[in-house]
Amino acid sequence: MIARLVLNGRPREVEVRANQTLLELLRDTLGIFDVKEGCDEGVCGVCTVLLDGRPASSCLVLAAGLRGRAVTTLRGLERNGGLHPLQEAFIRHGAVQCGFCTPGMLLTTLAFLEREPRPDREAIRAALEGNLCRCTGYTKIVDAVEAYARGERHHG
Amino acid sequence: MADAVITREGLRVVGQPVVRHDARDKVAAATAYAADWALPGMLHAAVLRSPHPSARIARLDTTRAAAMAGVAVVLTAKDVPRNTLSTDVPGQTTAVGPLRATLHVLAEERVRHQGEPVALVAAETLEAAQAAVEAIEVEYEPTPGVFTPETALAPGAPAVHGTGNLLAHWHIARGDVARALTDAAVVVEGEYTTQMVDAAYLEPESGVAWIDSDGVITIRLSTQVIEHFRDVAEVLQVPQNRVRVIGTYLGGGFGGKEDVTVEAYLGLLALKTGRPVKMVWTRHESLLSRAKRHPYRLRYRTAANARGEVVAQQIELLADAGAYAYLSALVLLYSTVTAAGPYRVPAVEVDARVAYTNNPPTSAMRGFGAMQTVFAYESQMDRVARTLGLDPVAVRHVNSLRRGDTLPVGQVIETHVAIPELSERVWAALGPPTPPRAPHVRVGRGLACNFQPYGRIVWLHDWASAWVGFEMDGSLVVRCGCPDVGGGQASSLCQIAAEVLGVSLSRISVHVSDSALTPLAGTTTASRQLYMSGNAVLKTARELRAPLLRVAATMLGADVDAIDMEEDGVVTHDGRALPMTDVLRECARTGVPRSHLGVYHAPAGEPVDLAKGSGKVFPDYTFGAHAAEVEVDTETGVVRVLRYAAAHDVGRAINPQSVEGQIEGGAVQGLGYGLMEEVVLEDGINLTTSFSTYLIPTAVDVPDVRALVVESGEGLGPFNARGIGEPPIGPPAAALANAIEDATGVRITRLPITAERVARALGLIG
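Chains U and L supply the protein sequences, listed in that same order.
Here the first sequence is numbered in our numbering, starting from 1 and rising by one per residue.
Here the second sequence is numbered in our numbering, starting from 1 and rising by one per residue.
It should be emphasised that the hints constitute simulated quantities derived from the structure, not laboratory data.
Everything numeric in this text was worked out from a predicted model, so none of it was measured.
Please note that the accuracy of each hint is not assured.
The following label-pair restraints were derived from C-beta to C-beta distances [what the hints assert, rightly or not]:
1) L:Asp183 to U:Ala123: 55 to 65 Å
2) U:Gly151 to L:Asp564: 37 to 47 Å
3) U:Arg115 to L:Glu141: 55 to 65 Å
4) L:Thr693 to U:Ala123: 45 to 55 Å
5) U:Glu78 to L:Glu471: 46 to 56 Å
6) L:Asp564 to U:Pro85: 56 to 66 Å
7) L:Gly763 to U:Arg54: 17 to 27 Å
8) L:Arg640 to U:Arg54: 37 to 47 Å
Which residues of chain L face chain U? A partial, calculated answer using Cβ under 10 Å [said to hold, decoys possible]:
9) Ala29
10) Ala30
11) Ala35
12) Glu127
13) Ala131
14) Gly164
15) Leu166
16) His169
17) Arg283
18) Met555
19) Asp683
20) Val702
We put the beta carbon where it would ideally sit given N, CA and C, even for glycine.
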C-alpha cells in the first residue's frame with residue numbers, strides 16, 4: 001500500500017507494508033538515519049519525530065495511516081546548512097555525550113517551547129520525561145534548554 | 001608523577017571547557033552510528049535464542065528455515081569453525097592466568113541461560129530472517145537449574161558447567177581481625193543485597209560486516225573493544241590480520257559493549273555468504289541476553305574504637321556470575337581489593353566467591369565490582385558514626401587513607417587521598433536544609449565516599465599507541481585506536497595534541513577506533529582511556545615536537561629552548577614567528593619526519609598473592625564523595641531526591657565540561673541503581689525485557705546534580721589527570737540509604753530502594 005506524507009516539507013508517496021511503522025519507513029526504506037531506534041515500544045524517545053508539529057514516537061505510528069501528515073525529523077530544522085540556535089545551545093552547554101538521544105531530545109524541546117516559551121527547570125524536566133538519556137544525567141540538557149529559552153540564542 | 005613538568009599556568013588548551021569536536025555532528029544527527037549504515041546487497045541477520053534457562057537440545061533442525069524464500073544461510077554450532085571463544089580480559093596480549101574463561105559462540109548440546117544464542121539466520125530482509133528464526137525446529141528437554149549463588153554452591157546442586165559452580169574465590173587476610181572484633185568499642189554487623197542491573201544504553205548492539213578487498217573481513221560495529229578482531233579471527237579460524245574491526249561512535253557502552261556482542265556472528269555470516277550483513281539487536285534481545293551487573297550478597301562486621309576509627313573489617317562477598325564466566329573473576333577481584341573502602345583499616349579479612357547459575361551472564365558494567373562494595377562499606381561507615389554520635393564528615397576524616405598507607409591487599413597508596421576535603425565540600429554544597437513540605441514528610445541527608453581503580457591491573461602490562469602527524473598545510477592528524485563511547489575520549493586527545501604542538505583545535509582531525517588503520521590503544525574500559533591513550537598522544541606529540549623545534553630553531557637562528565610551538569607556528573621568546581607551513585616545508589626538504597608513532601607503557605608489576613597481601617594491584621585510584629538530600633513520605637514510602645552533589649578528585653580536568661558530564665551522568669546512573677533499576681528474574685526467566693518494565697531514570701526522577709571538579713594535580717594520566725569514567729556511579733546508592741536513615745531512622749540494606757521496601761521498613765505494610 002501507499003503511504004502519503006510531507007517529509008521535512010516535501011510531499012512523498014512511498015510503497016509500504018501494511019504493518020510498517022513510520023520509523024521503519026524512515027530508516028529502512030528512505031535511509032533517513034537521523035531518527036534512531038531504541039526500544040520499539042514508544043518509551044525511550046530516540047525515534048521522536050514531529051507529526052504536524054507535535055512530538056510522536058515514530059515506532060508507534062503506522063506509515064500507511066499518515067494520510068498526508070507533516071513529518072519533521074531533525075534534518076528538517078536545518079536552515080541553509082546552519083544549526084538551529086537550540087542545537088548551538090546543546091553544544092555550548094555540553095548537553096551531548098553519546099548523542100543517541102539528542103535528535104529526539106531536540107525535537108521534543110522545540111515543540112514544547114512553542115507551547116511554553118519561558119519554562120522553569122521543573123517544567124523542562126516534565127516536558128523531557130519521554131526522552132531517556134543514559135549519559136548526561138539530564139542536568140546539562142536542562143541547562144541548555146533553559147539558556148536557550150531565556151534568550152541566550154541572541155548572544156550565541 | 002611522570003608529567004608534572006607543565007604547570008596549570010602554562011596550559012593553553014588543556015583545562016579549558018572547549019567544545020567537543022564530535023558535538024556538532026551529534027546535534028545535527030550527522031553521526032553515523034553502527035545501525036546507521038547500509039551497503040548494496042546487504043543481508044539482514046537474526047538470532048534464535050533459547051527460551052529456557054537450563055535445557056538439553058534434543059533436536060535442532062534448520063532444513064525448513066533454510067529453504068524459505070529470501071534466506072541466504074542458517075548457521076548452528078556445527079557451522080562455527082571454532083565454537084569456543086575466549087572471554088578473558090578483552091584486548092589482552094599477555095597471559096591472564098586464572099582470569100581466562102570461555103563461552104560458546106552458539107549453544108552446543110545444552111543451553112545454560114534464557115536468551116542464549118542457538119542459531120543465526122541471514123536473509124534478504126529482516127522480516128525474512130525473523131520468519132526463518134521462527135521456522136527453526138528445536139526440541140528442548142528442560143533440565144534442573146540453579147538460580148541463586150547460594151543454591152548453586154550447595155552440595156548436590158546441578159552443575160551449570162562440568163567443573164562445579166564455584167567460578168572464582170579470592171581471599172585477603174591482613175592483621176588480627178578476630179582479636180580486633182573482640183576488643184573493639186563498637187562492632188556493627190550488616191548484610192546487604194544488591195540487585196542485577198542492565199547497562200541499558202539507548203543504542204542496542206549493532207553492526208554491519210562485509211568482505212573487503214584482499215579478503216579482509218571488515219566489521220563496523222558499536223564496541224568498546226576493537227581488539228576483539230582477534231577473537232573473531234579465532235572463531236573464524238582465519239589469520240588475525242584478515243579481520244578488521246571499525247568501531248563507530250557509540251550510543252553508550254557503560255561496560256555492556258566490552259565483551260563480544262554482534263561481531264563474531266557478523267563475521268561468520270559475512271564469511272559464509274560473501275555478502276554484507278547487518279545485525280541490530282532489538283531492545284528485547286539486548287535486555288534479555290546481554291551480560292549484566294552482578295548481584296551481590298555482602299556481609300560486613302565492622303569494628304571501631306571510641307574515636308570512630310575503624311580497626312577491623314570482616315567481609316564476606318557472594319556474587320552471581322550467571323551462566324558463563326565472562327569477566328566475573330576479574331569483577332570479583334575489584335570487589336575484593338576495594339571491599340574495605342578508601343579507609344585505613346589495620347585488620348581486614350575478605351572472603352569473596354562468585355558462582356555459576358542459570359541466570360543471564362554478568363560481566364563488566366561501569367564500576368566493575370568496585371561499586372557493589374560501596375553500598376556496603378559506606379552504609380557500615382554511617383552506622384559506625386551513628387552508633388558513636390559522630391558527624392558523617394568527621395568519621396570519613398578520621399578514617400581516610402593517607403599517602404603512604406597500605407591497602408589490605410598490600411598496595412601502598414602513593415598518591416594524595418582527597419576523601420576528607422571532598423567530604424567537606426560535597427556536604428557543604430547541599431546548602432541550607434530543605435524544610436519538610438508536609439507533616440508526614442521527613443527530610444534527611446546522607447554522605448558516601450568511594451575509590452575506584454583506573455587503568456588495568458599492573459600485571460596485565462597495559463600499553464597504548466598513537467600516531468600524530470602534520471599535513472603540509474599545517475593541519476594535524478591524530479590517529480589512535482581508542483573507541484569513543486560518548487565521554488569525549490577522541491576530543492580529549494585533540495586537546496592534548498593541540499597543547500603540545502600549538503595547533504588550533506579547529507585544525508586537528510582525529511581518527512579513532514579502527515583496528516587496521518589506527519594504532520591500537522586498548523579498550524575503552526576500566527576508566528583507562530584518558531589515562532592510556534591520553535598518555536600515548538602526549539608522549540607521541542612530545543616526541544614529534546622535538547625534531548620540529550630543532551628545524552625551526554635553525555631556521556630562526558634561535559636556541560631550541562628559546563622557542564615554542566603556538567598559534568599554528570613557531571614563535572621565539574623575543575617575538576619573532578614562523579608559520580608551521582614553512583617549518584614543514586623545511587622538514588620535507590631535509591628529510592625530517594613530520595609524523596610519529598609513539599607507544600605508552602603503563603607502569604607494570606608482577607602478580608600479587610592476594611592472601612598474603614603482597615603488593616600492588618592497580619596503578620592508582622580516583623577518590624570521590626557524594627551527598628544527597630532526600631525526602632521520605634512516611635505514609636507511602638516514596639523517596640524523592642531533593643538535592644545532590646558529587647565531588648571527585650580528577651587530578652587534572654582536561655576538559656572540565658566533559659568531566660562534569662561524567663560526574664553528573666554517573667551519579668544519575670547510580671541513583672537509578674539506588675532507587676529503581678532491577679533485572680527481575682523468576683527461576684532464570686527475565687521479566688524485565690522492555691523499557692516499560694526495566695526502568696531507568698527519566699528527567700523527572702532525579703534532581704540537578706551539582707558536580708564539583710577537584711584537581712589535586714596528582715594522577716598518572718596526561719597532565720596528571722585521573723580516570724573519571726566509572727568513579728561517579730559508585731556512591732549514590734549508599735548516600736541515599738544513609739539519607740533515608742537520617743530522615744526516618746530506618747536502615748535499608750537491599751537495592752533498589754523502592755517505595756515498597758521503605759514502606760515495609762517503616763512498618764506501613766507487613
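Verification of the hints:
1. Between Asp183 of chain L and Ala123 of chain U, the C-beta spacing of about 58 Å keeps the proposed range 55 to 65 Å intact.
2. Against the hinted window of 37 to 47 Å, the Cβ-Cβ separation of Gly151 of chain U and Asp564 of chain L comes to about 41 Å, which satisfies the hint.
3. At about 58 Å, the beta-carbon gap between Arg115 of chain U and Glu141 of chain L stays in the expected band of 55 to 65 Å.
4. For the hinted restraint 45 to 55 Å between Thr693 of chain L and Ala123 of chain U, the CB-CB distance of approximately 28 Å leaves it violated.
5. Glu78 of chain U and Glu471 of chain L have their C-beta atoms about 30 Å apart, which leaves the hinted 46 to 56 Å range violated.
6. Asp564 of chain L and Pro85 of chain U have their C-beta atoms about 38 Å apart, which leaves the hinted 56 to 66 Å range violated.
7. Between Gly763 of chain L and Arg54 of chain U the beta carbons are some 46 Å apart, a value that contradicts the proposed interval 17 to 27 Å.
8. Taking 37 to 47 Å as the suggested C-beta distance range, the pair Arg640 of chain L and Arg54 of chain U does not conform, at roughly 30 Å.
9. With a cut of 10 Å, the hint placing Ala29 of chain L at the interface with chain U holds, because the nearest CB-to-CB distance is about 3 Å.
10. Checking Ala30 of chain L against chain U: minimum C-beta separation of about 8 Å stays under 10 Å; hint holds.
11. For the restraint placing Ala35 of chain L at the interface with chain U, the shortest Cβ-Cβ distance is roughly 7 Å, inside the 10 Å limit, so the hint holds.
12. The interface hint given for Glu127 of chain L holds, since its Cβ lies 8 Å from the closest Cβ of chain U, which is under the 10 Å cut-off.
13. Because the beta carbon of Ala131 of chain L sits about 13 Å from the nearest beta carbon in chain U, more than 10 Å, this interface hint is broken.
14. For the restraint placing Gly164 of chain L at the interface with chain U, the shortest Cβ-Cβ distance is roughly 37 Å, beyond the 10 Å limit, so the hint is violated.
15. Interface hint at Leu166 of chain L: violated, since its Cβ lies 34 Å from the closest Cβ of chain U, which is beyond the 10 Å cut-off.
16. For the restraint placing His169 of chain L at the interface with chain U, the shortest Cβ-Cβ distance is roughly 34 Å, beyond the 10 Å limit, so the hint is violated.
17. Interface hint status for Arg283 of chain L: upheld, as the beta-carbon distance to the closest one in chain U is roughly 4 Å, under 10 Å.
18. The restraint placing Met555 of chain L at the interface with chain U is violated, with a minimum CB-CB distance near 39 Å, outside the 10 Å limit.
19. The closest approach between the C-beta of Asp683 of chain L and any C-beta of chain U is roughly 25 Å, which is over the 10 Å cut-off, so the hint fails.
20. Contact between Val702 of chain L and chain U, as hinted, is supported at the beta carbon level, the nearest pair being about 7 Å apart and thus within 10 Å.
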